[in-house]
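Visitor: Chains as they are written, first to last, in this note's numbering: chain A, 291 to 746; chain B, 291 to 746.
Among these hints, one or two may not hold up.
For identical chains, the list gives no copy identity; a pair is met inside one copy or between any two copies.
[Stated by the list, open to error] Straight-line Cα separation of at most 20 angstroms, SDA-like style, residue types lysine to any residue; simulated pairs:
#1 Lys546 / Glu304
#2 Lys294 / Glu306
#3 Lys385 / Val666
#4 Lys370 / Glu696
#5 Lys419 / Gly517
#6 Lys370 / Glu384
#7 Lys580 / Asp689
#8 Lys370 / Gly340
#9 Lys386 / Ser627
#10 Lys546 / Tyr381
#11 Lys385 / Glu447
#12 Lys321 / Thr335
#13 Lys370 / Lys392
#14 Lys305 / Tyr547
#15 Lys615 / Asp552
#16 Lys299 / Lys370
#17 Lys424 / Glu346
#18 Lys386 / Glu363
#19 Lys386 / Glu447
#20 Lys299 / Asn400
Just so you know, the hints here were simulated from the structure itself, not pulled from any lab data. Predicted, not measured: the structure shown is a model, and the values here were computed from it.
Residues per chain, in single letters:
Protein chains: 2
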Amino acid sequence: MSVKEIPYKIYLEEKEMPAQWYNVRADMKNKPAPLLNPATLEPMTARELGQVFCEELVRQELDDTNPYIDIPEEIRSFYKMYRPSPLVRAYCLEKKLQTPAKIYYKFEGNNTSGSHKLNSAIAQAYYAKRQGLKGVTTETGAGQWGTALSMACAYFELDCKVYMVKVSYEQKPFRREVMRTYGASVTPSPSETTNVGRQILKEHPGTSGSLGCAISEAVEAATSAEGYRYVLGSVLNQVLLHQSVIGLETKAALDKYDITPDIIIGCAGGGSNLGGLISPFMGEKLRGEKDYQFIAVEPASCPSFTRGRFAYDFCDTGRVCPLSKMYTLGSGFIPSSNHAGGLRYHGMSSTLSQLYDDGLMEARSVEQTSVFAAAVEFARVEGILPAPESAHAIRVAIDEALKCKETGEEKTIVFGLTGTGYFDMVAYERFNNGEMTDYIPTDADLEAGFKGLPQV
Amino acid sequence: MSVKEIPYKIYLEEKEMPAQWYNVRADMKNKPAPLLNPATLEPMTARELGQVFCEELVRQELDDTNPYIDIPEEIRSFYKMYRPSPLVRAYCLEKKLQTPAKIYYKFEGNNTSGSHKLNSAIAQAYYAKRQGLKGVTTETGAGQWGTALSMACAYFELDCKVYMVKVSYEQKPFRREVMRTYGASVTPSPSETTNVGRQILKEHPGTSGSLGCAISEAVEAATSAEGYRYVLGSVLNQVLLHQSVIGLETKAALDKYDITPDIIIGCAGGGSNLGGLISPFMGEKLRGEKDYQFIAVEPASCPSFTRGRFAYDFCDTGRVCPLSKMYTLGSGFIPSSNHAGGLRYHGMSSTLSQLYDDGLMEARSVEQTSVFAAAVEFARVEGILPAPESAHAIRVAIDEALKCKETGEEKTIVFGLTGTGYFDMVAYERFNNGEMTDYIPTDADLEAGFKGLPQV
Chain A
291 MSVKEIPYKI YLEEKEMPAQ WYNVRADMKN KPAPLLNPAT LEPMTARELG QVFCEELVRQ
351 ELDDTNPYID IPEEIRSFYK MYRPSPLVRA YCLEKKLQTP AKIYYKFEGN NTSGSHKLNS
411 AIAQAYYAKR QGLKGVTTET GAGQWGTALS MACAYFELDC KVYMVKVSYE QKPFRREVMR
471 TYGASVTPSP SETTNVGRQI LKEHPGTSGS LGCAISEAVE AATSAEGYRY VLGSVLNQVL
531 LHQSVIGLET KAALDKYDIT PDIIIGCAGG GSNLGGLISP FMGEKLRGEK DYQFIAVEPA
591 SCPSFTRGRF AYDFCDTGRV CPLSKMYTLG SGFIPSSNHA GGLRYHGMSS TLSQLYDDGL
651 MEARSVEQTS VFAAAVEFAR VEGILPAPES AHAIRVAIDE ALKCKETGEE KTIVFGLTGT
711 GYFDMVAYER FNNGEMTDYI PTDADLEAGF KGLPQV
Chain B
291 MSVKEIPYKI YLEEKEMPAQ WYNVRADMKN KPAPLLNPAT LEPMTARELG QVFCEELVRQ
351 ELDDTNPYID IPEEIRSFYK MYRPSPLVRA YCLEKKLQTP AKIYYKFEGN NTSGSHKLNS
411 AIAQAYYAKR QGLKGVTTET GAGQWGTALS MACAYFELDC KVYMVKVSYE QKPFRREVMR
471 TYGASVTPSP SETTNVGRQI LKEHPGTSGS LGCAISEAVE AATSAEGYRY VLGSVLNQVL
531 LHQSVIGLET KAALDKYDIT PDIIIGCAGG GSNLGGLISP FMGEKLRGEK DYQFIAVEPA
591 SCPSFTRGRF AYDFCDTGRV CPLSKMYTLG SGFIPSSNHA GGLRYHGMSS TLSQLYDDGL
651 MEARSVEQTS VFAAAVEFAR VEGILPAPES AHAIRVAIDE ALKCKETGEE KTIVFGLTGT
711 GYFDMVAYER FNNGEMTDYI PTDADLEAGF KGLPQV
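Using the sequences and the hints, build the whole thing.
Guide: Rendered as structure tokens:
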């Protein structure tokens, strides 16, 4: 075998891009548990899910047997505008760390939404369009998902209604404005436009909103209007399916140079990036073909994998959505107000939760000052200013590379660089000014959250 | 000749990246006029320039005979982190416009600085490092150049002092924070840190600053400190030289698919992007090998090419820098306060000015509401949210494609998409809200500017 020189960036050609998504559930012996109807506690049927979600997406949500699902040509065309994304060899970071480890990152930030979220947004918009819908509704917190969906809807000329957590709406006017530029209507949540919003405003007149409330408003807006459905940017099986394009491209790029990773690292909030990145590699592990070390990285202030319970819980704080069996901190859990690094979701993808519970992957929690320190170190040598979310993965990749420096092992480390931090400069400013602090919830804090878990 | 299918994005391989910059002055019969010493009105000598600029950069500034200059390996390594940049076939825009024209754009925004400025910043930082300097100083207005230089200095561990026009410093805290994240010190200008700054603050206590003032402060900071030099992001010959990497890559990508452009379009402020993009094509035209239509696009509110004078003028409003022979509106010209689209410089690269005066290229001015309309149209179909500067080129590319629709001509149009608009959402918001207006200076406005031209 000839040794090929590895370029800084491995790009696939367009014709090498995946034509099918990979559905890791098909290879899982222990399937993720089904969503439950919050009223009956029975598994949600396709018909029930179809009242909220697009038909084809419901099919994908429930399909745990087909390993490959064709990517429609229209979606592939859109992918070609910003994909394949580069798999980057972090030569400069390796040099800076003086590590024998070989570090690669799959960079998903080179599109206007600034993150991997676009991979699923365009798929969900496409199926909505194909179903003949007028539009879709969603919620957004930090704004990455809302931006991605706005772009996707603009492309297919679909109406897009985004409920944006009020505090973000006010503190991130630029994110809001990007969405408006793509033609989306952006409403600060809670709002007067829904029953649930009006109710919340009545009970908590000064509230700055929450993701749970925004979800409830978006679902109501979808189900109460003709020709609309609700879409979600993480957690769901369908989202992991679409995001498998990240892992498939990563694997194809590595295969091209005969590289086998030892460790694969991803940040984890709801699990969309991590699940997408590891899927095809996890498939090999599940089928007994290869072994890899998978590491999920989460904030110490929102430690659903590392300190949560594996139990049925509500997907939203408003408790109107289906129940999912997952690692959770309780649907009422809200990270400390000093938390700045994203990945704030109380639960986790049920697929990843099952894989974690089966011992097929590890998880680590990291504190935010160490995350931002890693972000800055990375930015200065590799050029890219990472999203705080992505910097969680950078932190652990650097830690692992430094371990290799001690042991002399030449491990190959791959991590997901999910996006850029251009709209997160308030958090960077706090870090640059030395004003950022860490907070780890006490056991008592967590117990309070677990008390709210439903009895299923 | 077999017809190859054109992918959405043409990427060169790393080994196909240019190893040399192309110096268009070598092929010009009428060379650009030399810079003049403002005190003596004699051509600036290398020794005089060396007091302000790095030695190697002075050599490049004065070299109008060598057509190719090697790109040092260290710079090529950095380029590999974000280059080659893609040449994108705008399939979706073509479809939207229903034009027979074939539209391509060279996209320079896929790096954290968000623009092509990084191509010259890394070169200038490298030569400063090689000369053994401690650091460099510069000014920045909107912040693209300051961000690029901060990134380059972080990479070479050079100190970086940025004087940022005070109004931008206050209105663009995120830009400022990106620079600080890369370790630069950012000072709002005018400041108390320089004599010229203190003098201006004394005379105009409430001033919000200007680029001219920031240049004066940066130059003073460089020349009054041991081991510092001043660097500039546009206008100069050396900058056009470094930016030729844009055109060289564009040409290599087109050649790969046997594509010959008919029209090449770039926005023009100081000329760094336009000059870089057209250089190798202009070289062919100058050598009589091929012909192309080149179009410089500038704001109607700052029309140096289309309504300026070709004359010696000061490069800065403070009148401390050398004089350059160029198309200029007068060094005291300030665009209308409603102007939001960048490209605010009163003058123009002397190289491009000479080429324009020799009839080798055209220029057009466009009004900003039509520029932002083009930006939004482009963003919605091509995904990328463009910088307002870049949107000037988009405007004319769309206009030319629509002409082809009328005539049925299948012209090949190439334009430079210099960067992204993520830090320009205030301007987009004005446009989205219908609050943006146009302003074209009257002849009397311009005459006032011309009166200030020096008598050379």
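Visitor: Hint by hint, note whether the structure agrees.
Guide: Hints and how they fare:
Taking the closest pair of Cα atoms, Lys546 and Glu304 come within 20 angstroms of each other both inside a single copy (14 angstroms) and across two copies (16 angstroms). Taking CA atoms no more than 20 angstroms apart as the test, Lys294 paired with Glu306 passes in both settings, with 19 angstroms inside one copy and 16 angstroms between copies. Only within a single protomer do Lys385 and Val666 lie at most 20 angstroms apart by alpha-carbon distance; the minimum there is 16 angstroms, versus 41 angstroms between protomers. Taking CA atoms no more than 20 angstroms apart as the test, Lys370 paired with Glu696 passes in neither setting, with 42 angstroms inside one copy and 29 angstroms between copies.
Taking CA atoms no more than 20 angstroms apart as the test, Lys419 paired with Gly517 passes inside one copy only; the shortest distance there is 10 angstroms, against 61 angstroms between copies. For a Cα distance limit of 20 angstroms, the shortest separation of Lys370 from Glu384 across copies, 15 angstroms, qualifies, whereas the shortest one inside one copy, 30 angstroms, does not. Taking CA atoms no more than 20 angstroms apart as the test, Lys580 paired with Asp689 passes in neither setting, with 24 angstroms inside one copy and 55 angstroms between copies. Taking CA atoms no more than 20 angstroms apart as the test, Lys370 paired with Gly340 passes in neither setting, with 30 angstroms inside one copy and 47 angstroms between copies.
For the homomeric pair Lys386 and Ser627, neither the shortest alpha-carbon distance inside one copy (34 angstroms) nor that between copies (45 angstroms) is at most 20 angstroms. With identical chains, the CA atoms of Lys546 and Tyr381 are at most 20 angstroms apart within one copy only, with a shortest distance of 18 angstroms there and 28 angstroms across copies. For a Cα distance limit of 20 angstroms, the shortest separation of Lys385 from Glu447 across copies, 14 angstroms, qualifies, whereas the shortest one inside one copy, 47 angstroms, does not. Proximity of Lys321 to Thr335 under the C-alpha cut-off of 20 angstroms is restricted to the intra-copy arrangement: shortest distance 17 angstroms within a copy versus 76 angstroms between copies.
For the identical chains of this complex, Lys370 and Lys392 are inter-copy neighbours only, at 17 angstroms across copies versus 28 angstroms inside a copy, given an alpha-carbon limit of 20 angstroms. Taking the closest pair of Cα atoms, Lys305 and Tyr547 come within 20 angstroms of each other both inside a single copy (17 angstroms) and across two copies (16 angstroms). When the C-alpha separation of Lys615 and Asp552 is checked against a cutoff of 20 angstroms, the pair qualifies neither within a copy, at 30 angstroms, nor between copies, at 60 angstroms. With identical chains, the CA atoms of Lys299 and Lys370 are at most 20 angstroms apart both within one copy (17 angstroms) and between copies (8 angstroms).
Taking identical chains as interchangeable, the C-alpha atoms of Lys424 and Glu346 lie at most 20 angstroms apart only when both belong to the same chain, with a minimum of 16 angstroms there against 60 angstroms between chains. In this assembly of identical chains, Lys386 and Glu363 lie within 20 angstroms of each other by CA distance solely across copies; the values are 18 angstroms between and 42 angstroms within a copy. With identical chains, the CA atoms of Lys386 and Glu447 are at most 20 angstroms apart between copies only, with a shortest distance of 12 angstroms across copies and 46 angstroms within one. Taking the shortest Cα distances, Lys299 and Asn400 sit within 20 angstroms of each other both inside one copy (13 angstroms) and across copies (13 angstroms).
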